[in-house]
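Generate coordinates for the entire structure from the input sequences, incorporating the hints supplied.
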Amino acid sequence: MTPGADGPEARPGETGMTEGSGMTDGSADETKNRRGKVDPRLLELLVCPLTKTTLSYDAGRQELVSRSARLAFPVRDGIPIMIPDEARQLGEDE
Amino acid sequence: MTTTQNRLIDRQFGPMAAAYVESRVHAAGADLDLIAARAAEVRPSVALDLGTGGGHVAYALAPHAGEVLACDLSAGMLATVARTAAEKGLANIRTVEADVRALGLDAATADFVASRYSAHHWTDLAAGLREARRVAKAGAPAIFADVVTSGVALYDTHLQAVELLRDPSHVRNRSIAEWTALLRDAGFETLAVRRDRLRLDFATWIARMGTPEAHVTAIRSLQEGASAEVRRHFAIEPDGSFLLETAVFETVAD
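Residue numbers (the working numbering), protein chains in the order written: chain A, 1 to 94; chain D, 95 to 348.
Hints in this document: simulated from the structure, not taken from any laboratory.
Wrong hints could be hidden among the right ones.
[As the list claims (entries may be wrong)] A few chain A residues facing chain D, derived, Cβ under 7 Å:
no. : residue
1   : ILE79
2   : PRO80
3   : MET82
4   : GLY91
5   : GLU92
[To be verified] Computed far set for chain A versus chain D, every beta-carbon distance over 12 Å:
no. : residue
6   : THR54
7   : SER56
8   : ASP58
9   : ARG67
10  : ARG76
11  : GLY78
12  : GLU86
13  : ARG88
14  : LEU90
15  : ASP93
[Said to hold, decoys possible] According to the in silico footprint, chain A covers these stretches of chain D (three or more CB under 8 Å from chain A):
no. : region
16  : 187-199
17  : 246-254
18  : 281-291
Being a predicted model, the structure only gives us computed values, none of them experimental.
We put the beta carbon where it would ideally sit given N, CA and C, even for glycine.
Next up, the structure:
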């Protein structure tokens with residue numbers, strides 16, 4: 001793991017989590033939200049565990065995408081899995 | 095090696111998640127009361143529970159915090175915590191599967207950090223504490239509670255041996271001196287250390303972890319063959335029940 005890797009790698013203009021089209025809004029039923037899509041308030045707090053840069057949320061694939069690490073972290077049952085070994089390597093066209 | 099150890103933790107704890115939610119040792123205690131009391135004073139916006147396990151710290155923090163982030167390596171534990179939080183009506187608990195050495199949280203996210211009965215599973219306690227400090231705001235209270243060793247090698251060896259036999263994901267119980275040095279190095283100022291002893295009922299302790307019979311036999315053999323000093327120190331009872339030393343470190347992020 002790379003505890004010292006938190007460099008200023010965020011891209012210019014990237015100020016926070018990108019919310020996908022399928023995002024549940026804040027008024028949605030909490031329990032349903034918890035079981036399904038990742039909580040929007042949680043998304044605002046998460047960064048890539050390797051590069052500490054912002055993530056984009058792909059609601060369709062239920063993934064949190066780190067462009068800087070070229071990894072997609074899965075969201076399972078509404079729980080973000082921020083473990084690099086569990087992440088999918090992004091393809092060249094992604 | 096690290097991934098293997100992390101998966102070992104998930105494999106060990108995932109199937110036993112319900113037992114940890116129900117565990118009386120985990121569901122109550124002066125340390126848990128202290129964490130709740132401090133949170134009630136501070137009223138944090140974002141409180142972090144590192145190694146949430148059965149979720150008891152998160153449940154204690156939730157009434158006093160805007161959001162509680164319950165982090166753990168075990169997906170099974172987190173699913174159980176999410177379900178239990180919903181049952182308790184605690185809608186502000188968010189679960190995150192993460193390694194304490196690289197949490198996937200932005201710097202200065204949390205204004206309250208707590209961890210209880212988790213750090214002895216961390217493969218690199220120093221790195222975990224540094225990461226806790228990174229995600230904590232300056233001045234944030236941070237409370238760490240865990241089983242500790244006396245610092246005496248004789249007792250330390252016995253404790254680590256029975257802990258590992260019971261739970262293959264056990265890493266190490268640290269002494270109070272080790273803890274305070276690691277906390278200082280990570281950037282936490284220790285304000286107070288509260289020591290206590292905790293009686294573990296042997297049958298419950300073993301059942302909660304699903305320890306294989308061969309290992310149970312080995313633990314009993316170690317206990318029965320232990321010297322008088324060791325037996326006295328841990329107050330080992332005829333059925334194998336014994337006393338653990340615990341400590342709560344009340345700190346603040348520098």
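Hint by hint, here is what the structure shows:
no.	hint	result
1	ILE79	holds, 5 Å
2	PRO80	holds, 5 Å
3	MET82	holds, 3 Å
4	GLY91	violated, 22 Å
5	GLU92	violated, 25 Å
6	THR54	violated, 9 Å
7	SER56	holds, 14 Å
8	ASP58	holds, 16 Å
9	ARG67	holds, 15 Å
10	ARG76	violated, 7 Å
11	GLY78	violated, 7 Å
12	GLU86	violated, 8 Å
13	ARG88	holds, 15 Å
14	LEU90	holds, 17 Å
15	ASP93	holds, 25 Å
16	187-199	holds (count 11)
17	246-254	violated (count 0)
18	281-291	violated (count 0)
Hint compliance for this structure: hints 4, 5, 6, 10, 11, 12, 17 and 18 are broken, all remaining hints hold.
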